[in-house]
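Visitor: If you're matching positions, the sequence shown starts at 1 in the numbering used here and goes up one per residue.
Just so you know, these hints were derived from the structure itself, not from any lab.
Don't be surprised by glycine CBs; every beta carbon is placed ideally from N, CA and C.
Any given hint might turn out to be false.
Derived pair list, reagent style SDA-like, types lysine to any residue, alpha-carbon separation capped at 20 Å [claimed, not checked]:
| hint | residue 1 | residue 2 |
| --- | --- | --- |
| 1 | K34 | F145 |
| 2 | K34 | L138 |
| 3 | K34 | Y47 |
| 4 | K34 | I149 |
| 5 | K34 | F126 |
| 6 | K34 | H120 |
| 7 | K34 | I91 |
| 8 | K34 | T121 |
| 9 | K34 | A141 |
| 10 | K34 | L24 |
| 11 | K34 | V144 |
| 12 | K34 | F44 |
| 13 | K34 | R107 |
| 14 | K34 | T46 |
| 15 | K34 | A16 |
| 16 | K34 | I13 |
| 17 | K34 | Y116 |
| 18 | K34 | A108 |
Cβ-Cβ distance ranges computed for the label pairs, FRET-style [said to hold, decoys possible]:
| hint | residue 1 | residue 2 | range |
| --- | --- | --- | --- |
| 19 | P83 | T121 | 36 to 46 Å |
| 20 | P122 | W151 | 18 to 28 Å |
| 21 | K34 | A134 | 28 to 38 Å |
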Amino acid sequence: MKSWSPYVVLVVIAIALDQWIKQLVENGLAFQEKVDLLPFLALFRTYNTGIAFSMFQSFGDTGLVIIAVLVVAFVLYLATRTPAGHVVARIGFALIIGGALGNLIDRAIYGHVIDYILFHTPVWSFAVFNLADAFISLGAALVVFDELIGWRHEAKPQDPRN
């Protein structure tokens, strides 16, 4: 098994970057006032008391912390069962864990997650999210991508006529 050190470092970097940016947002961005950066992208500080798109708000802080811990434990389990050669998947798992822990820190300290990125048009807007959510989404995409690459590179059955 190759060393887990680079993946642990990636988790720590993801958490640190997420928490640093959230502190900048908390200290420098007015609550629920849109600051347009591009015609389709704005900063918009708000608080998410649920999980992913405000789901499961009724579970309360303790319930959501427990769910987050269980998800992190499950992703860690999957990561440890992933062969060393699947570097893309392992990077994906590290990003998922880093993002989940970044949001877990918010929930444990504040009772909510700090969100601040808003994609929008004049008539539509996507849910407000944060860097940790982006890490989780990118990580999941990398795990799926690695799985697809793996299927493509699996040994093909030999032709018995050869």
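Visitor: Hint numbers the structure violates, sorted upward?
Guide: The structure conflicts with hints 1, 2, 4, 7, 9, 11, 13, 15, 16, 18, 20 and 21, although it agrees with all the remaining ones.
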